[in-house]
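Given only the sequences and the hints, what does the whole structure look like? Please build it.
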Amino acid sequence: DGWLAPASAEAAPEEHVARTYHQSHCGGMCSLACTVRDGRMVKVQPNGVGNPDFQTICLKGISEVAHIYGKGRVQTPLKRVGERGSGQFEPISWDEALDEVAELIKTTQDAYGRDSIMVLATAEADFGFLAPMLGAQTGGFDGIDVGTGNGLDPAMGFGAGYAMCAPEARDWQRSKLVLTVGSNYCESSLPNVFTFFDAKEAGAHMVTVDPHYSTTASKSDEWIPIEPGTDAALFLGMISHIIDNDLADEDFMAQHSTMPFLVDAETGLLIRDHEEIAPVDEAAEAEPETPEQNPYFVIDPVTGNPVHHTQCDTPAISGTTQVRGRNAVTVWDVLVEGQKPYTVDWAAEITGIPAERIASLAEEYAEGPSSLALGWGGNDKMTNADIAGHAAAVLVAITGNVGKPGAGVGVYVGQSYNSYAPALGAWALPEDWAAAASEVSIYDMPYRENNCHAAIFCGDIVAQHLANMNVTCDWADTLDFIVTMDPYFTEGAKWSDYILPCTSRFEYDEPFGNVKAGYSQIVIQEKIIDPLFEARTDLWIQRELASRLGLKAGIPESSVDRCNAILSTSTEPWVSELTVEKISENGAVWPVPDREVIREVVPDQVFPTPTGRMELYYDGMVPFDQQLPQWEPCTEIADESLRAQFPLQLTNTRTRFRIHNQFYDSDWLQLMYEPLVMLNPADMASRGLETGDVVRVFNDRGEFKVHAAANNAIRPGSVRIYEAATADYTVAGNLQNVTNNTMIERGYDLMCGPVIPFSDTLVEIEKA
Amino acid sequence: MELIKRYKVLAAILAVVVAVGVGCWVYQLIFGLTVTGMNNGTSWGLYITNFMFFVGLSAGGLIVASSASVFHITKFKAVALPAIILSTVCICAAGMFVLIDLGGIQRVWRILTGPNPTSPLLWDVCVITCYLIINVLYLVFMTRGNQHAVSIVSRFALPCAILVHSVTAWIFGLEAAKEGWYTAIMAPIFVASAMDSGLALLLVVLGVLKKAGIYDTSRELMAMLAGLLCTCVAVDAFFIFCEVLTMAYPGAAGAETLALLTTGPTAPFFWFEIICGLVIPFCILVFAKNRQSAVLINVACVLIVVGVFCKRVWLLFTAFIVPNVMGAPGIISGSSEAAHATGTASFAVLSSYAPTPIEILVAAGVISLVILAFMVLASKLIVERREK
Amino acid sequence: MTRLAIAINLDRCVGCHTCALSCKMQNNVPEGMLWNRVLTEDCDVVDGALGTYPNVTRTFLPVACQHCQNAACQRVCPTGATYKDDKGRVEIDYDKCIGCRMCMAACPYNARNFNWQTPVRVTGANYGDAEVPVRPKGVAEKCTLCRERTDRGEEPMCVVCCPAHARIFGDLDDPDSEISQTILNRKAWTLLENQGTRPSVHYFE
Ligand SMILES: Nc1nc2c(c(=O)[nH]1)N[C@H]1C(S)=C(S)[C@@H](COP(=O)(O)OP(=O)(O)OC[C@H]3O[C@@H](n4cnc5c(=O)[nH]c(N)nc54)[C@H](O)[C@@H]3O)O[C@H]1N2
Ligand SMILES: Nc1nc2c(c(=O)[nH]1)N[C@H]1C(S)=C(S)[C@@H](COP(=O)(O)OP(=O)(O)OC[C@H]3O[C@@H](n4cnc5c(=O)[nH]c(N)nc54)[C@H](O)[C@@H]3O)O[C@H]1N2
Ligand code: SF4
Ligand code: SF4
Ligand code: SF4
Ligand code: SF4
Ligand code: SF4
Ligand SMILES: [Mo]
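Line by line, the protein sequences are chains A, B and C.
All letters in the first sequence, in the order written, are residues 1 to 768 by the working numbering.
All letters in the second sequence, in the order written, are residues 769 to 1156 by the working numbering.
All letters in the third sequence, in the order written, are residues 1157 to 1361 by the working numbering.
Heads up, some of the hints might be wrong.
Stated by the list, open to error - DSS-like mimics (lysine-lysine), calculated; alpha carbons at most 27 Å apart, straight line:
| hint | chain 1 | residue 1 | chain 2 | residue 2 |
| --- | --- | --- | --- | --- |
| 1 | B | LYS946 | C | LYS1240 |
| 2 | B | LYS1148 | B | LYS843 |
| 3 | C | LYS1343 | A | LYS176 |
| 4 | A | LYS200 | C | LYS1343 |
| 5 | A | LYS582 | A | LYS516 |
| 6 | B | LYS776 | B | LYS1148 |
Derived from the structure by calculation, the hints contain no laboratory data.
Here it is in structure tokens:
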């Protein structure tokens, strides 16, 4: 009866819709509805399920319609034939590649131990089994995005060192002032940019402090230009103004901060009930004494006597006394004394912001409720970032702008992180599977003795995760082997011996790929299309390696099993009842119950610190005189003598046109942006440059070449480039060739170790 | 085919250029207008420039010939025949350029099935068709010696010639979107430049015919026509002055366009036309003594023709340069091949255009075809008839 | 009557170009073309600024076909290929387009794209909505106000995808529609009012 079938039925192309989630780093993890026609992905739309505020997408998600088929994909397993870094490879079969890699892993581990292999995966990769299965090390701290958090989070008691202690940005609607310092939210949180305008329209005063007239600055009610790397000075100046004008929130300080705690006037250490008791056994060492076991001292405002902080809810914030015969002052008094040099005029001098503006900003901020929106891309990427974070903590504490509607501090960027996060479970690994500790963090490996002999990089670690790329490459060249696994051919991949092609988010070999917690919802990856080229899923690659190493039993046999295990082992009952099939039926997203309610942090102003208070005084920093934030300029950009040679500070920031090193190969996105360095017209003119010229950007560490553009949005003396400009997409060379990898001494005593000061970089620019 | 035989080499060269032009046109049909330098910003180029130019060139002949019978300027009758031949081939060239410029020539019949009465292009197609018919009838009646019919046709010919130039002008002059085109004086300017370029071309051609011993025009008549030409140049200059003054005086948007015209990318064309196309020829022709010199007349005429071509160039292109809604990244080229670019270079904040070799060859082909056609018609209608 | 339109809130627009690319995807717009462009107004570089640091301003201006009530493009089109439909949209019948580009010269907004060549797509295949006709070389094209979507009662793709919620779609002839109300209350304007084209697309702050 084929003869009788209507012609039109045959002509109609087969079309279906499947859904997956997209990237996390942009803050989206958008659930996307993808239309497939004749086996090709032809349309990507926001998944239209639920409240429209949660149906997000941006130009990068849309561009995937062309990008996943693009020229940037690794199409087959590749084996290096040329010099490392030369980018010369030959295609090999999966069997050859996997056999050879497995063999290399075995030999290396036999020779140097299991931790001689380092496995590092970026946020987008799905290689969670690899490090535990191999017992490999994971490179320790990575020095990324921890600059501000290092200084802020110990005070807050949460944020993980990443300053992720802010409520969600929908809270801005309830703020009077939203003070953005060092973040370009309108680009770096593009999928949630509507929250910025919802707040603006609700009447919040949007003020952005940025050296450059960023997108966010231009969308704010007011832009306050600042000298790069001086955020801490601004905060210190504001703190002084608030102190001097009695604008501080004494109740908040007394009840919810360690301002009333007593400090030994000589040692500068907080006074506790007793000296740390020497540990009786090994296990006890790991557990420091709790404030209940070993309380701090405060002054009872009624008696004027020192008492345990546990015995007084509202202690005096100011006063001197004696404890155990030692002179003691409150933290507040130490602060007030220490702030004396940091006048508003001083801050004006350092930051370049007029003194009156600092004063009025301080007053407006103190009045509240105010949100202090910090960033990862501004002062965070400089050597003095922790001081800015710490100063922010003090500013927040003395004004009580936290833990109430419309008040908060931290990085608001990234709703895929910064929202209700349902607790997902995990696939149970065999008991003997565990990643090894790294005694040396990756950024120190070129400089310090360590046991890393080979690396498996899931993503571009070489070019993207480390500054001063020439040093990185020299180090990479010392490794016995490097394997890169990525859907795309990255800059770092050129230093690998093997490159294995992974599938993108849109390809899978089973109906379901993975399950994640996104923007206040659980999102799942459905198979949109079959793997393209010879790409294989991350899970498949891990399984194949495992079976060659005799470890296959620990890896789930199917990704559907894994998804359901992740759901069913959740500690939250509503999650554990879900299955991936059930979520699929619901539209591939499952909203967090009550997500319509704005997510708050510390609503009762009880902080998850040991004392339950904002702990502003950092005992551990006494050797560096940073127990309270003390101004210190950036190490490179404030170095006047170096500046004479390399007069321009190089700001590297994110852009809405890219996610880090991704999408450079996307034709559609190349239309809007190709790597360029932007200079103020005055800096262009003094160098005889014109828009469109190819320029050489250089310093003692190295150089790269890109096009230059004159832009009035750029601060004179500072230049701006979107980070991740790699050699394949610049005129020549990597941006990372010039970036600063100085790790300051204090950094090693900070919560997450030192931050890589990518933007604490001086360069000179000349016509190439 | 007297002339073809006599000028074998020239004819052969022209034929080769025509063949190359046709080849290029076929190439353009296959690959599309991307083979030209046009883009979304400057969406008309050399073809439309030539279209305007040839519409104008065809005017001189018909106006001279028809004034002969309409205004009984009997002296003009002497040159009516070559004038009409010239007019006919030029209007054919103009028509060819419009058709060549179409992206979808295979759908051109749609004009007939769904004409949109508000479109100046539609009316231009109509009047050009009428004009062509009139030219052909004129030729036919003239060669048959039917004086009565000639005088009837010429009564239609004159207004039709004016109309052709006006409607062509309105294709541009009615576009409010283009500051540089939108002016009521566009039609008078077109008529004036048609008169001067057409007459100048006619004089050049008459000079050539005379030299070649094909057609003899008296020195006196040449001088008279040159005098008429001088008046036309003056009128043309006057209209341009009116337009420029109106642009400049308010110091508003028009002044910006004028600044672009006098200093921008099209400025060389503007200044050539003003100085070499108007001032110099006028200074030559205004003296009766000079009008007696064949050489000086020829120099003046060639300058006028080239000057008017330059005028077509600045008139057309200046209006495209600055988009009304400005900003980066600008206008997207429409074809990465046309702009020879990918990535951000696919855009242009200010629009630009340069003809490609293909366009130039196609245009050269059309022009060669026109010259060949003129030679053939002149052989048939002038040389062979005279020999008979 | 119905007069479909979009109103764009320039205060909310962050110039992200999502509307430009969503349009490209939905409508199978080939390489080298965009029906919708996002301009950094009066600047010569994307994300540029007017003025001198630090006294600078910047406006992002998305520009597509304005669906003019008095459409210059429609007036000049010799074949009637460009027409105004019953929902107030200005559309092109590709079968009638002879590629004369009168409309391109006439459109004050440079809203139109021409198929200078046989359309090329990076993926080598058509993408977007299956109902959107594939245009041949030699015809003009432009924003259709997502004719296929809006006919199905859906919002235009650029409206659905705008992350800033800067775009409102609706019927100008319905005085109670969100778009009509917004235009009234926010004192919306149209681009190049002096051109007299009376666009349906509105802008407001
Ligand atoms: N100079 C300079 N350097 C910087 C910064 C800077 O400001 N300046 N910023 C730093 C910061 S803050 C960060 S967070 C890092 C970020 O640097 P990365 O963590 O490297 O950035 P991502 O974009 O997350 O990288 C994702 C990688 O995963 C791959 N990928 C994408 N999708 C998939 C997938 O579905 N499966 C798999 N297996 N892989 C996928 C991509 O091809 C890409 O190589 O960069 C840092 N580097
Ligand atoms: N589209 C997109 N979104 C992303 C990412 C991406 O790659 N693409 N990456 C994600 C990741 S991993 C991160 S870490 C976040 C980062 O997000 P953000 O923290 O918002 O960082 P950036 O976007 O780099 O913007 C930093 C801003 O700080 C300014 N700035 C530079 N130096 C200073 C300074 O010294 N002081 C002050 N006050 N300002 C300064 C810069 O000019 C810039 O406008 O973005 C996330 N979101
Ligand atoms: S890049 Fe980010 S914001 Fe854009 S679609 Fe993907 S997940 Fe969403
Ligand atoms: S998508 Fe929205 S915010 Fe982005 S450029 Fe378009 S209108 Fe502006
Ligand atoms: S914007 Fe241009 S193309 Fe669109 S209707 Fe108006 S004139 Fe026509
Ligand atoms: S190009 Fe097509 S739509 Fe435009 S005017 Fe000509 S026929 Fe009409
Ligand atoms: S309405 Fe549709 S066709 Fe028009 S710009 Fe928006 S997405 Fe493109
Ligand atoms: Mo980051």
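To see whether the hints hold, each was checked on the structure:
1. B:LYS946 / C:LYS1240: Holds, because 22 Å separates the two Cα atoms, which is no more than 27 Å.
2. B:LYS1148 / B:LYS843: 23 Å, holds
3. C:LYS1343 / A:LYS176: 26 Å, holds
4. A:LYS200 / C:LYS1343: Given pair LYS200 of chain A, LYS1343 of chain C holds - Cα atoms ~18 Å apart, limit 27 Å.
5. A:LYS582 / A:LYS516: 15 Å, holds
6. B:LYS776 / B:LYS1148: 16 Å, holds
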